[in-house]
Every structure is written in structure tokens, then in C-alpha cells.
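There are 2 protein chains.
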Amino acid sequence: MKIKSVEVVPLNIPLKEPFIIALGKCDVAKNVLIKIHLEDGTIGYGEVSSSGVITGDVQSTVIDVVKYLTPVLAGESIENYRYLIKKLRSIIKFHPGAFAGIENALLDAYTQYIGIPLYKFLGGMRDEIESDITISITTPEKAAQTAQEYSKKGFKVLKIKVGKDFKEDFERVMAVSEAVDCEIRIDANQGYNPKEAVKFINSVWDAGVNVTLFEQPVHCQNIKGLKYVTDNSPVPVAADETVFTATDAFNIARERAVDVINIKLAKCGGVLEALDIIAVAKASGLDLMIGCMLESNVGLSPSVHLACGTGEFSYIDLDSHVFLKELPLSGGFEVDGQKLIVKNIKEGIGIKESTQSSIKP
Amino acid sequence: MKIKSVEVVPLNIPLKEPFIIALGKCDVAKNVLIKIHLEDGTIGYGEVSSSGVITGDVQSTVIDVVKYLTPVLAGESIENYRYLIKKLRSIIKFHPGAFAGIENALLDAYTQYIGIPLYKFLGGMRDEIESDITISITTPEKAAQTAQEYSKKGFKVLKIKVGKDFKEDFERVMAVSEAVDCEIRIDANQGYNPKEAVKFINSVWDAGVNVTLFEQPVHCQNIKGLKYVTDNSPVPVAADETVFTATDAFNIARERAVDVINIKLAKCGGVLEALDIIAVAKASGLDLMIGCMLESNVGLSPSVHLACGTGEFSYIDLDSHVFLKELPLSGGFEVDGQKLIVKNIKEGIGIKESTQSSIKP
Numbered sequence: 382m383k384i385k386s387v388e389v390v391p392l393n394i395p396l397k398e399p400f401i402i403a404l405g406k407c408d409v410a411k412n413v414l415i416k417i418h419l420e421d422g423t424i425g426y427g428e429v430s431s432s433g434v435i436t437g438d439v440q441s442t443v444i445d446v447v448k449y450l451t452p453v454l455a456g457e458s459i460e461n462y463r464y465l466i467k468k469l470r471s472i473i474k475f476h477p478g479a480f481a482g483i484e485n486a487l488l489d490a491y492t493q494y495i496g497i498p499l500y501k502f503l504g505g506m507r508d509e510i511e512s513d514i515t516i517s518i519t520t521p522e523k524a525a526q527t528a529q530e531y532s533k534k535g536f537k538v539l540k541i542k543v544g545k546d547f548k549e550d551f552e553r554v555m556a557v558s559e560a561v562d563c564e565i566r567i568d569a570n571q572g573y574n575p576k577e578a579v580k581f582i583n584s585v586w587d588a589g590v591n592v593t594l595f596e597q598p599v600h601c602q603n604i605k606g607l608k609y610v611t612d613n614s615p616v617p618v619a620a621d622e623t624v625f626t627a628t629d630a631f632n633i634a635r636e637r638a639v640d641v642i643n644i645k646l647a648k649c650g651g652v653l654e655a656l657d658i659i660a661v662a663k664a665s666g667l668d669l670m671i672g673c674m675l676e677s678n679v680g681l682s683p684s685v686h687l688a689c690g691t692g693e694f695s696y697i698d699l700d701s702h703v704f705l706k707e708l709p710l711s712g713g714f715e716v717d718g719q720k721l722i723v724k725n726i727k728e729g730i731g732i733k734e735s736t737q738s739s740i741k742p
Numbered sequence: 382m383k384i385k386s387v388e389v390v391p392l393n394i395p396l397k398e399p400f401i402i403a404l405g406k407c408d409v410a411k412n413v414l415i416k417i418h419l420e421d422g423t424i425g426y427g428e429v430s431s432s433g434v435i436t437g438d439v440q441s442t443v444i445d446v447v448k449y450l451t452p453v454l455a456g457e458s459i460e461n462y463r464y465l466i467k468k469l470r471s472i473i474k475f476h477p478g479a480f481a482g483i484e485n486a487l488l489d490a491y492t493q494y495i496g497i498p499l500y501k502f503l504g505g506m507r508d509e510i511e512s513d514i515t516i517s518i519t520t521p522e523k524a525a526q527t528a529q530e531y532s533k534k535g536f537k538v539l540k541i542k543v544g545k546d547f548k549e550d551f552e553r554v555m556a557v558s559e560a561v562d563c564e565i566r567i568d569a570n571q572g573y574n575p576k577e578a579v580k581f582i583n584s585v586w587d588a589g590v591n592v593t594l595f596e597q598p599v600h601c602q603n604i605k606g607l608k609y610v611t612d613n614s615p616v617p618v619a620a621d622e623t624v625f626t627a628t629d630a631f632n633i634a635r636e637r638a639v640d641v642i643n644i645k646l647a648k649c650g651g652v653l654e655a656l657d658i659i660a661v662a663k664a665s666g667l668d669l670m671i672g673c674m675l676e677s678n679v680g681l682s683p684s685v686h687l688a689c690g691t692g693e694f695s696y697i698d699l700d701s702h703v704f705l706k707e708l709p710l711s712g713g714f715e716v717d718g719q720k721l722i723v724k725n726i727k728e729g730i731g732i733k734e735s736t737q738s739s740i741k742p
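So the protein sequences, as listed, match chains A and B.
When we follow our numbering, the leftmost residue of the first sequence carries the number 382, and every step to the right adds one.
When we follow our numbering, the leftmost residue of the second sequence carries the number 382, and every step to the right adds one.
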């Protein structure tokens with residue numbers, strides 16, 4: 382089945398409230414929707430969340446890159462998906478978000494074409510997963526209140542953003558820990574130096590917080606610093622911004638600089654590279670986490686399918702759909718509190734155009 | 382679609398002439414045929430070549446292990462192939478050949494079920510590859526004569542077995558090199574010590590032989606020795622018996638002990654682990670080779686599909702079908718001299734039962 386055309390449109394989705402992390406603040410998810418049309422009318426969907434400070438992809442560059450790359454897809458057979466993805470990769474370097482969006486749309490179209498859901502294509506290990514939910518940087522009182530709301534909705538694992546101000550960070554974590562009986566993951570988004578990071582994680586640990594993961598404590602390029610934190614942390618340490626590709630994963634595994642690798646399709650450029658990172662992590666005995674940017678259900682769905690299909694992720698952080706005011710398209714997975722469920726998807730990633738939304742892609 | 386039953390039968394295939402390598406001699410390929418029957422009548426085929434001295438799998442143990450494992454498959458859904466493979470892996474350790482045979486049969490059944498050929502399932506990078514062909518340990522005269530016959534049949538790359546006697550090995554390589562204008566790969570099957578290996582490869586190189594690869598020069602456990610050979614060889618060095626799994630690949634890549642990893646499904650236990658080894662090799666910048674034991678077209682076909690579907694192999698050594706007196710089943714791939722072609726396969730690995738053969742599985 383041949384590819385007919387590729388559409389790319391901006392998708393601006395307001396957030397329910399500002400999302401604040403050590404790297405910046407966001408009010409509107411300035412995403413990009415990619416549609417790959419096959420000759421039989423099938424549409425494969427992909428979405429890119431602009432996360433320039435992490436991946437270098439912003440809305441305008443994603444649209445530019447998709448327009449620059451995708452003319453080579455027209456007339457090509459969707460069956461040869463690996464060939465198509467390699468062909469695109471040979472044209473331009475970097476832009477992992479744009480690549481992920483195109484690849485997700487290709488794999489959605491491909492798995493619709495062969496008539497199976499993506500998670501079954503990837504192996505069908507399970508049909509549901511449980512995600513944590515993120516509390517961004519805010520006051521201790523607001524954080525505790527938000528934690529209670531999430532706890533009531535059924536979330537048992539909270540991820541708290543830190544890395545901006547040591548004292549306020551500590552108070553935020555303590556306030557949440559006292560407000561709810563949840564497992565807590567901590568994400569500094571590179572905000573500490575190695576000594577601060579070790580001091581911080583030991584402080585919350587010694588204070589009795591039920592903390593189970595410390596994500597990206599120090600600058601993404603500081604591998605030795607990351608290893609220092611890992612060697613001196615009472616809980617597993619995860620690399621996020623430090624690992625984009627399978628080669629990054631190999632290099633960090635070789636140094637044993639972390640315990641866990643956080644895969645995001647927007648960083649690695651798509652499911653194929655994600656499978657390679659999974660392989661490297663498994664081969665070297667590292668654990669795996671899967672995360673997201675600010676994608677709607679369209680961009681999240683391939684990650685949910687990847688986590689379900691392979692069953693390889695110990696830490697799941699696929700929560701961005703919760704922060705958006707509305708979802709311009711429907712489907713992808715069902716949500717039941719912390720559960721993300723794909724079992725009723727018959728083919729592809731299960732996205733459908735919606736007439737309900739005020740945001741017209 | 383549910384799995385109905387699993388059949389396992391011995392498949393004894395005489396060789397055209399004895400196959401002799403540093404590790405031993407073989408007159409009959411004592412293989413095992415595995416058939417996975419789905420409820421709709423689909424049959425998935427797998428074949429294991431007993432290669433006890435390398436993998437620990439001999440015909441009787443393979444049959445035992447398949448019978449021990451496969452009752453858990455009955456009634457399970459073929460769609461959840463990764464779940465099934467992991468379930469089997471959790472029951473018994475080692476026996477990579479037996480696992481490869483079962484997994485190959487599962488993936489053949491699965492890709493027939495979803496109606497696409499295995500190489501398209503794996504990405505459809507290309508639909509044909511070119512293999513070398515192996516000259517086993519024999520006299521220089523016989524080796525030269527065999528080389529000329531293969532050259533006439535269209536083979537442009539010869540792999541010569543060595544590792545038994547330094548002087549005779551050298552004479553065999555020289556005789557072949559003088560007899561034909563071909564690229565030459567050398568495989569010692571662990572037969573040398575590191576100093577001998579370095580001396581051997583430099584001798585043939587200095588003598589002007591068009592040698593492009595030196596495979597498994599030293600004992601499989603001697604990683605430091607392998608690295609010593611790699612550091613002192615004028616051509617790339619490949620690990621074969623040293624690397625079974627993705628973890629083996631990671632460990633050897635970490636030490637940069639070789640330039641190339643030779644993947645064989647019979648060593649790693651199937652396509653999924655092979656994909657993981659590919660990922661580790663790519664992530665660490667190593668090249669890849671794909672090889673075989675003494676499988677017929679049934680056991681070779683998944684490797685041909687893997688090489689075609691991923692397009693990741695720089696060195697292809699899938700030649701065992703040439704050494705067998707007959708092929709008990711038909712299909713799998715077409716052969717045109719050194720070319721192995723999968724483009725006409727519509728689903729699965731393309732194996733069909735044959736009424737032509739005198740060997741009844």
C-alpha cells in the first residue's frame with residue numbers, strides 16, 4: 382500500500398494550569414499534528430510536543446522539518462517501514478521530536494494496514510499499564526492539595542519536580558509526603574550540582590519519605606556527576622536528558638553512571654530507536670522508565686503501546702494528557718485513574734478524529 | 382488465534398560431503414523440525430541444527446526441551462508472541478537452539494496469521510542479500526578446486542575454515558587465494574592462541590591475500606586474547622562463539638574486544654534476542670555478521686528474513702543449505718548463486734511441505 386501524502390498542522394492546546402519545572406514554564410502545549418494518508422484512505426497519526434529546551438524541537442522547526450522530509454515518502458510502500466525511516470534519517474540530523482512524530486504516524490498507518498494494534502505488533506506482553514502523575518514546581522500547600530486530588534483519583538505514584546531551590550524543593554516533597562500515602566519519584570531536571578543532589582536525596586530519604594526514584598539530578602552532560610550521585614544515593618537514579626539515543630544508553634551503561642534510563646519517543650526519535658535503547662538497557666542490566674513531553678493522547682499513544690507491547694518498563698510516566706484542557710482528537714487508549722488501557726484497540730494506535738473539540742487541527 | 386498443538390520430529394539430513402572445522406567433523410545434519418499448529422490450520426515451522434560443541438544443543442536434548450516447554454503454549458493466543466516467548470524463557474535456562482526453533486515457529490505462525498512475510502514484519506529494508514560460502518578444513522588442492530566450483534556458481538566471497546594446523550591452514554588459504562579472484566574471510570573457530578592468531582592473519586595479509594575478516598581466532602572465553610588479536614590484526618576481527626546473547630555483546634563492546642559480532646539464531650535463541658544484539662552493536666559502533674549452523678532452508682529462512690528485514694548485516698554467511706544432500710521441505714527463500722531472495726514470499730517465512738523429498742519429517 383502506497384503513501385499518498387503527508388499533512389502537518391499546528392496543534393495549540395491550552396494547559397489546565399501552568400506546568401513549571403527547573404527548565405522553564407509552559408501555559409500552552411504548542412504541538413504539531415502529522416497525518417500520513419495512504420492510498421486506500423487510511424490515516425496514520427503522529428504528534429510532536431515542542432520541547433525546545435530539551436530536544437531542540439519547537440513548533441515551527443518541527444513543521445519545517447516535516448515539510449522538508451516527507452515529500453520523499455509520497456509513492457513509497459508503507460510495508461517497508463524500516464527502509465522509510467532510515468531514508469528519512471539519512472536526509473537530516475537531530476530533530477528527534479520531528480522524527481518521532483513522522484515515525485509514529487508511519488507505524489500507526491502500517492499497523493492499521495496489517496490490521497493489528499501497535500502493542501500486538503510489538504509483542505502483546507500486556508494490555509494495560511499504570512502511570513505515575515507529575516506535580517510541577519509550586520508552593521508546598523498547592524503541591525499537597527494537588528497530591529490529595531490525584532490520590533483521590535486513584536494515583537498511587539506521584540512524581541514531584543524539584544531542582545529550582547533546595548529549601549523550597551525539600552518543603553514541597555515533605556508536604557506531599559505528609560499529605561498522601563503514595564510512592565514518590567523525584568525529578569530535578571538537571572537542577573542540582575552533584576553535591577547538592579546527594580544532599581537532597583539523602584535528606585528526603587532520612588526524613589522518611591517513601592521515595593523510589595531520583596531522576597536527572599544533574600546537568601545532562603555531567604556523566605561523572607551523575608555517577609557520583611548514583612554511587613551515593615539510597616534510591617535508584619535515572620537518566621533522562623542525558624540519554625537520547627541507544628549510543629547514549631550504551632555510553633552511560635558502560636560507565637554504570639545510573640540505575641535507570643528514561644526513554645521518551647520525543648528524545649530518541651521513535652519506536653525503533655526506543656527498542657534499541659531497551660535492548661541496551663536489558664543487555665547491561667539497567668532498569669527502564671518511559672516518559673513524555675506535553676503530548677495529547679495522539680503523541681502519548683505510541684508510548685502506551687510500546688510499554689504494553691514490550692512489558693519492559695519498571696517506571697511509567699505517561700501523564701501529559703491529564704494536564705491539557707482538551708484533547709483535539711479522540712481514542713489512543715482508555716484511562717481509568719492511573720491505568721492506561723489499550724485492550725480494545727483493534728488496529729494501529731486507535732486515534733480517531735473528533736467533532737467534539739473546539740481545537741480544529 | 383489460538384495455538385492448538387506443537388509437533389517435534391527428528392530431521393536427519395545427509396551432507397554432500399563431510400564438513401570439517403577446528404571443533405569437529407559432521408557427515409549428517411541431525412536436525413529437529415518443530416511445527417506449531419494454530420486452530421485455523423496454519424502451521425508455523427522451525428528447525429534446530431544440533432551443534433552441541435557450540436551451543437550445547439544436540440538432537441535428543443532439543444526434542445526433550447521442546448516437549449518439556451511447549452505444553453504451556455496450547456490454548457495461548459499467537460498474537461501475544463513476546464509474552465509467549467518470555468513465558469517459555471522463564472521455564473528453563475540455556476538450550477538456545479531449542480528456543481530458536483520454537484521462536485522461529487511462533488514467528489512464522491504469527492506472521493502468517495497477520496498475513497505478511499517475516500522480513501516485512503521486521504521492516505522490509507530489502508528483499509535480497511548475498512551470502513558467502515564456506516570451505517571446510519581439507520587439503521589445499523581440494524580447497525582450491527572447491528573454490529573454483531563456487532566461483533563458477535557466482536560466489537564472490539569465500540569463508541575458509543582454519544585453526545587446526547598453522548602450516549596447513551596457511552597453505553589452504555594461499556591455494557584458494559591463487560585459484561580464484563574472490564574476497565576471503567577466515568574462521569578459526571577458536572583454534573589458535575592469541576599469538577598464533579596474530580601471526581596467522583598477518584602472514585596471509587602480508588602474502589597479499591584479499592582477506593576481509595578474521596572470525597573467532599581464539600577461545601570463546603578469552604576476551605583479553607580476542608582484544609589482543611583485534612588490536613594487532615590488519616583486518617576486522619569477529620566474535621562468534623564468544624557472543625551468544627545481547628549481554629555478551631554488551632560486555633565485548635564495552636571492552637572493544639572485536640570489530641564485528643556474528644549473530645546466529647541458534648546461539649541467541651531467536652529473532653527477538655538477535656534484534657537486541659543488533660541494537661547493542663549499532664549503539665556501540667560494532668559491525669554485524671549473520672551466520673548459521675547446518676540448518677536446511679527451514680531453519681535458515683528466519684535468518685534470511687532477519688537480514689533482509691533489518692538490513693543491518695555487513696557480513697552474511699547463510700550457506701548451510703548448499704551442503705545438504707536434499708531439502709526435506711521446500712520454500713523459505715529463492716537461491717540464485719550467492720543471492721538469497723525473499724521478495725516472492727507472501728506471508729510468514731514461506732515454508733511448504735514437500736512431497737518430493739525422500740526424507741519424511
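Because the hints were derived from the structure by calculation, they are not lab data.
Wrong hints could be hidden among the right ones.
Identical chains share a label here; the pair holds if one copy fits it or two copies do between them.
[To be verified] Within a straight-line C-alpha distance of at most 25 Å, the following computed PhoX-like cross-link-like pairs (lysine-lysine) qualify:
1. Lys385 <-> Lys727
2. Lys385 <-> Lys605
3. Lys605 <-> Lys733
4. Lys468 <-> Lys720
5. Lys580 <-> Lys411
6. Lys523 <-> Lys467
7. Lys383 <-> Lys727
8. Lys523 <-> Lys385
9. Lys724 <-> Lys385
10. Lys467 <-> Lys720
11. Lys706 <-> Lys383
What label fits Lys605 with Lys733 when the C-alpha limit is 25 Å: within, between, both, or neither? Neither: 46 Å inside a chain and 56 Å across chains, both beyond 25 Å.
Which holds for Lys580 with Lys411 at a C-alpha limit of 25 Å: within a copy, between copies, both or neither? neither (36 Å within a copy, 62 Å between copies)
At most 25 Å between C-alpha atoms: does Lys467 with Lys720 qualify within a copy, between copies, both, or neither? between (34 Å within a copy, 23 Å between copies)
Under a CA distance limit of 25 Å, which applies to Lys468 and Lys720: within one copy, between copies, both, or neither? Classified as between; 24 Å across copies, 36 Å inside a copy.
25 Å Cα cut-off: does Lys724 pair with Lys385 within a copy, between copies, both or neither? between (30 Å within a copy, 23 Å between copies)
How do Lys385 and Lys727 come out at 25 Å by Cα distance, when the copy is not named: within, between, both, or neither? both (23 Å within a copy, 23 Å between copies)
When no copy is named, should Lys523 and Lys385 be tagged within, between, both, or neither for a Cα gap of at most 25 Å? Neither: 49 Å inside a chain and 57 Å across chains, both beyond 25 Å.
Between the shortest in-copy and the shortest cross-copy C-alpha distance, which are at most 25 Å for Lys523 and Lys467: within, between, both, or neither? neither (46 Å within a copy, 44 Å between copies)
Within, between, both or neither, where Lys383 and Lys727 count as close if Cα-Cα is 25 Å or less: both (22 Å within a copy, 17 Å between copies)
State whether the alpha carbon distance between Lys385 and Lys605 is at most 25 Å within one copy, between copies, both, or neither. The answer is neither: 48 Å in one copy and 54 Å across copies each exceed 25 Å.
Homo-oligomer pair classification [Lys383, Lys706; C-alpha up to 25 Å]: Answer is neither; intra-copy 36 Å and inter-copy 42 Å both fail.
Hints 2, 3, 5, 6, 8 and 11 from the list above are not met by this structure, while the remaining hints are.
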